[in-house]
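As given, the protein sequences belong to chains D and R, one line each in that order.
Taking the numbering used here as reference, the numbering of the first sequence is continuous, increasing by one, and the terminal residue is 519.
Taking the numbering used here as reference, the numbering of the second sequence is continuous, increasing by one, and the terminal residue is 519.
For the record, the hints were derived by calculation from the structure and aren't laboratory data.
Glycine residues also receive a C-beta, built at the ideal position from the N, C-alpha and C atoms.
A couple of the hints might just be wrong.
As the list claims (entries may be wrong) - So the derived label-pair ranges between C-beta atoms look like this:
id	chain 1	residue 1	chain 2	residue 2	range
1	R	D186	D	D169	37 to 45 Å
2	D	Q207	R	E68	26 to 34 Å
3	D	P23	R	P150	26 to 34 Å
4	D	F290	R	Q495	46 to 54 Å
5	D	K200	R	H92	21 to 29 Å
6	R	D169	D	Q207	52 to 60 Å
7	R	H92	D	D140	56 to 64 Å
8	D	H92	R	G168	50 to 58 Å
Stated by the list, open to error - When the alpha-carbon atoms are kept at most 30 Å apart in a straight line, the in silico DSSO-like pairs for lysine-lysine are as follows:
id	chain 1	residue 1	chain 2	residue 2
9	R	K301	D	K29
10	D	K65	D	K88
11	R	K393	D	K396
Listed here are the chains, written in short residue letters.
2 protein chains.
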Amino acid sequence: MDGPVLQIGVICFILHGMVSGVPPEYLQKRKHIIDTEERQRLGGTLVLNAKEQKVNAVLMAAKRKEIELSRDTGKIFPPAISFFQAKKLIDHSAVFSIIKRMPKGGALHTHDSSITSLDWLVTNVTYRPHCYMCYTESGDVMFYFYAKPPTNTDCHWKTVASQRQASGDADRFDQQLVRNISIIVDDPSSAYPTVDAVWKKFVKYFQAVNGLLNHAPVFRDYWRQALEEFRHDNVQYLEVRALLPTTYELDGTHHGAEWALNTYRNVTREFVAEHPDFIGAKLIHSAVKFINKQAMLPNVKEAMVFLKKYPDFYKGFDLVGQEGLGKTLLYYLDDLLYPSQQNPPVYLPYFFHAGETDWEETQVDDNLVDAILLNTSRIGHGFAIHKHPQVMKIIKQRDIAVEVNPISNQVLGLVKDLRNHAAVLLIAENYPLVISSDDPAVWEATPLSHDFYEAFMGMTGEQTDLTFLKQLAINSIKYSAMNQQEKQAAMKLWQRKWDMFIDATVHQHYYIHIPGIMG
Amino acid sequence: MDGPVLQIGVICFILHGMVSGVPPEYLQKRKHIIDTEERQRLGGTLVLNAKEQKVNAVLMAAKRKEIELSRDTGKIFPPAISFFQAKKLIDHSAVFSIIKRMPKGGALHTHDSSITSLDWLVTNVTYRPHCYMCYTESGDVMFYFYAKPPTNTDCHWKTVASQRQASGDADRFDQQLVRNISIIVDDPSSAYPTVDAVWKKFVKYFQAVNGLLNHAPVFRDYWRQALEEFRHDNVQYLEVRALLPTTYELDGTHHGAEWALNTYRNVTREFVAEHPDFIGAKLIHSAVKFINKQAMLPNVKEAMVFLKKYPDFYKGFDLVGQEGLGKTLLYYLDDLLYPSQQNPPVYLPYFFHAGETDWEETQVDDNLVDAILLNTSRIGHGFAIHKHPQVMKIIKQRDIAVEVNPISNQVLGLVKDLRNHAAVLLIAENYPLVISSDDPAVWEATPLSHDFYEAFMGMTGEQTDLTFLKQLAINSIKYSAMNQQEKQAAMKLWQRKWDMFIDATVHQHYYIHIPGIMG
Numbered sequence: 001m002d003g004p005v006l007q008i009g010v011i012c013f014i015l016h017g018m019v020s021g022v023p024p025e026y027l028q029k030r031k032h033i034i035d036t037e038e039r040q041r042l043g044g045t046l047v048l049n050a051k052e053q054k055v056n057a058v059l060m061a062a063k064r065k066e067i068e069l070s071r072d073t074g075k076i077f078p079p080a081i082s083f084f085q086a087k088k089l090i091d092h093s094a095v096f097s098i099i100k101r102m103p104k105g106g107a108l109h110t111h112d113s114s115i116t117s118l119d120w121l122v123t124n125v126t127y128r129p130h131c132y133m134c135y136t137e138s139g140d141v142m143f144y145f146y147a148k149p150p151t152n153t154d155c156h157w158k159t160v161a162s163q164r165q166a167s168g169d170a171d172r173f174d175q176q177l178v179r180n181i182s183i184i185v186d187d188p189s190s191a192y193p194t195v196d197a198v199w200k201k202f203v204k205y206f207q208a209v210n211g212l213l214n215h216a217p218v219f220r221d222y223w224r225q226a227l228e229e230f231r232h233d234n235v236q237y238l239e240v241r242a243l244l245p246t247t248y249e250l251d252g253t254h255h256g257a258e259w260a261l262n263t264y265r266n267v268t269r270e271f272v273a274e275h276p277d278f279i280g281a282k283l284i285h286s287a288v289k290f291i292n293k294q295a296m297l298p299n300v301k302e303a304m305v306f307l308k309k310y311p312d313f314y315k316g317f318d319l320v321g322q323e324g325l326g327k328t329l330l331y332y333l334d335d336l337l338y339p340s341q342q343n344p345p346v347y348l349p350y351f352f353h354a355g356e357t358d359w360e361e362t363q364v365d366d367n368l369v370d371a372i373l374l375n376t377s378r379i380g381h382g383f384a385i386h387k388h389p390q391v392m393k394i395i396k397q398r399d400i401a402v403e404v405n406p407i408s409n410q411v412l413g414l415v416k417d418l419r420n421h422a423a424v425l426l427i428a429e430n431y432p433l434v435i436s437s438d439d440p441a442v443w444e445a446t447p448l449s450h451d452f453y454e455a456f457m458g459m460t461g462e463q464t465d466l467t468f469l470k471q472l473a474i475n476s477i478k479y480s481a482m483n484q485q486e487k488q489a490a491m492k493l494w495q496r497k498w499d500m501f502i503d504a505t506v507h508q509h510y511y512i513h514i515p516g517i518m519g
Numbered sequence: 001m002d003g004p005v006l007q008i009g010v011i012c013f014i015l016h017g018m019v020s021g022v023p024p025e026y027l028q029k030r031k032h033i034i035d036t037e038e039r040q041r042l043g044g045t046l047v048l049n050a051k052e053q054k055v056n057a058v059l060m061a062a063k064r065k066e067i068e069l070s071r072d073t074g075k076i077f078p079p080a081i082s083f084f085q086a087k088k089l090i091d092h093s094a095v096f097s098i099i100k101r102m103p104k105g106g107a108l109h110t111h112d113s114s115i116t117s118l119d120w121l122v123t124n125v126t127y128r129p130h131c132y133m134c135y136t137e138s139g140d141v142m143f144y145f146y147a148k149p150p151t152n153t154d155c156h157w158k159t160v161a162s163q164r165q166a167s168g169d170a171d172r173f174d175q176q177l178v179r180n181i182s183i184i185v186d187d188p189s190s191a192y193p194t195v196d197a198v199w200k201k202f203v204k205y206f207q208a209v210n211g212l213l214n215h216a217p218v219f220r221d222y223w224r225q226a227l228e229e230f231r232h233d234n235v236q237y238l239e240v241r242a243l244l245p246t247t248y249e250l251d252g253t254h255h256g257a258e259w260a261l262n263t264y265r266n267v268t269r270e271f272v273a274e275h276p277d278f279i280g281a282k283l284i285h286s287a288v289k290f291i292n293k294q295a296m297l298p299n300v301k302e303a304m305v306f307l308k309k310y311p312d313f314y315k316g317f318d319l320v321g322q323e324g325l326g327k328t329l330l331y332y333l334d335d336l337l338y339p340s341q342q343n344p345p346v347y348l349p350y351f352f353h354a355g356e357t358d359w360e361e362t363q364v365d366d367n368l369v370d371a372i373l374l375n376t377s378r379i380g381h382g383f384a385i386h387k388h389p390q391v392m393k394i395i396k397q398r399d400i401a402v403e404v405n406p407i408s409n410q411v412l413g414l415v416k417d418l419r420n421h422a423a424v425l426l427i428a429e430n431y432p433l434v435i436s437s438d439d440p441a442v443w444e445a446t447p448l449s450h451d452f453y454e455a456f457m458g459m460t461g462e463q464t465d466l467t468f469l470k471q472l473a474i475n476s477i478k479y480s481a482m483n484q485q486e487k488q489a490a491m492k493l494w495q496r497k498w499d500m501f502i503d504a505t506v507h508q509h510y511y512i513h514i515p516g517i518m519g
């Protein structure tokens, strides 16, 4: 609450010191409007304790300094440009260094194949025996684990080890692999002039990594490594949209969806047992929105079975893929209504992607309406939601959270300057909302910190402070798929970590070491 | 109302033809939400007559075709890219050709020195005798009319005529002059990476043209030509923010603000007398927001005098200039409160620029709050208004219109893809709003048609139709500074022109000739 106090102070100075003849009612009305707006925003009613206020002072000094640098000296403002170019600026930010250390609660919108760093994938997985690679005719890299690679394919499979050795420079080779797989380019606006263009490359990322991930031992390790990396980024909890793909062993045997589900569940249990400061993870099963109508009902039925069998971990169902090109919720409507039409009705929670589009009043855009009518528990992205006043009204009434993924929306071409992101309005009016990271590995973002930075710097005002970030963490537990008992335990665990973060920042004079603040 | 009917038709087909087991209540609820949103948007309650529906069918076929071309084949969508690059695409658009012929009512937010085409300025004004030019040390072109140019300046004045002749190619020379003065560049994102960068060039435009415009005979002709060009673009009415500068004659005499005001008023009267199908124009006096506090009160006092003396034409007061760098309304507060504090209070209507910024919760951003508290009649730009829920509430209650200038906001660096413009939300919820063009001459836009195109194509959905454009025209009269009697007469005149436009489009089978529709 430092902002408005300071601001009113400035006004008082101006009014008493310089301006004559201003009626006090004017000042009162002005203060009332600004204060009301301040309280109305996400986190606006949180009250910081004395220690939190000290941390807030450090944070806000850094925030103001970074904003002023851009606003007053013309230095590029990171949220205004592509994350591909902004990342190196953000990585030197004092605000970012605080956000990294902050316990951020949960990341509720992430995808199974894009949450563990590409670096790990290249420097760990591609170093394993039997790892093969080849280049397709269009120059895209593919990977697979073979006991003996096929020879009758267009793609000429060679071991990664041999290719690496032939290159003569293993580090450079590995960097090249990372660059080849990620969607990062120097000039995104010319490389990806439209949403379709960037999605074409985005899909190639998944084609490249899936040959690695779907190897059963890697599948297990990839999830384990994801939990490690999220925890390292001070994220306490994870919800993953998971396709539950068929995985393969070197000997040719295959595992089905339930094996993948059990792998996620077991690895998570082990991880939580080893790391009592980690809350855990839950799974949201995802079908792709490109399959025929006929193929959807079996997915829904399988979801109902899994939900019944693994209610502690398997929390619901979603459809994924490029929304603009995919089939709509309306197309699959009777399949999605199937659970609620059983006798007795089955409650299968939905977590639908909807409104991840710039095309207003189209059938794709109407996914937002169907998501609501299908009783979605949250809305994935909801980028177009501000174009739907009725949907806005309903999500506020029913407290349906929007999962906002700032960097994803930017790099996938929906918006350039994040100050123009639709969620700015949702934040200003305290709509139910969480910040997540979608597919951080694809653009080499940290698991959640970079998205928190972009939201804090680009999607709130210069006075919006630690209360916003704290509320985001609280929201991530409140709107999670955990049950009430789990949420209470999660809040306790998070609160303990939060207090430690505050203590560490205050008592250990940590702020002295934050680059750029004191210097 | 074609959109929702068609859409429900599609849904019925899907539901009855393909989808089984969908409860009718679902369909009813869905229709209710979509219909409510449709009625809720700007123009959503207008009912089109039979002839208008025919025109609407032509318009919507063209709109859908242009959207589908982009959405489904990856062709660039004009509202998504800089107007500098989009203009040539728009100029070939069938939607644009209809909008050009449509009587659009008034343009309520324009500036005195940037409303008449640069082409006219170069091919008419710079051809006049005694017109001199020079290049400053930084390479910027300057103009002035001299009986005999000064020789003791750093800028070496030469007649434009001599320079043109020396160039050997008059057409090329003139094109070069236009290019030199306008802010258009091939690659705006690299030429103008920040708002400050593009404003630097924008200010140079005014420096270049003011030497021409402030020559008294040119001043008169420039306004006359502006009225011609707006009328030619099927705009019936104009409100101009005017600085009322000192103007000069060739013999060294100067005229003050009142001369400029009378010139605007007299030329407008003559023009309306000659063109009874033109409604007229009004003036909003503007001071610049860079002057010292001490200098503001005389401006306000002068405004009070002019308002009393010329109530038919001089309609109020505003402050202009780059909002991010300028002084705030708060800074000038007691001066701006001065009229209301007289005994008896004087009502000086304000038409404040506010919220033309991407920087949230700053003193500049708070101009929106002060504009409201100072009882502004309209808000110029209001680009940041969606970040202020209290201000939003008040403008709806008090019916204060926001003057949205889509192309200006884009080329001056606030937003790239106009589908992300904040006014999308204002339109979806039918906030009081008009579309204007700000400074069309600076980026070689038509007086109003290009901005109408961008709003219609980029800031509304695929189903939003002629009712939106008709409501914009009606709003431009409703929210104008005309008095009630004038508004009634204006509505009649506009309605007559509108009916003629509808008749011409229907009866003369005009649509056959619209490029791209029938072919």
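Check: So which of those numbered hints doesn't the model satisfy?
Finding: 3, 7
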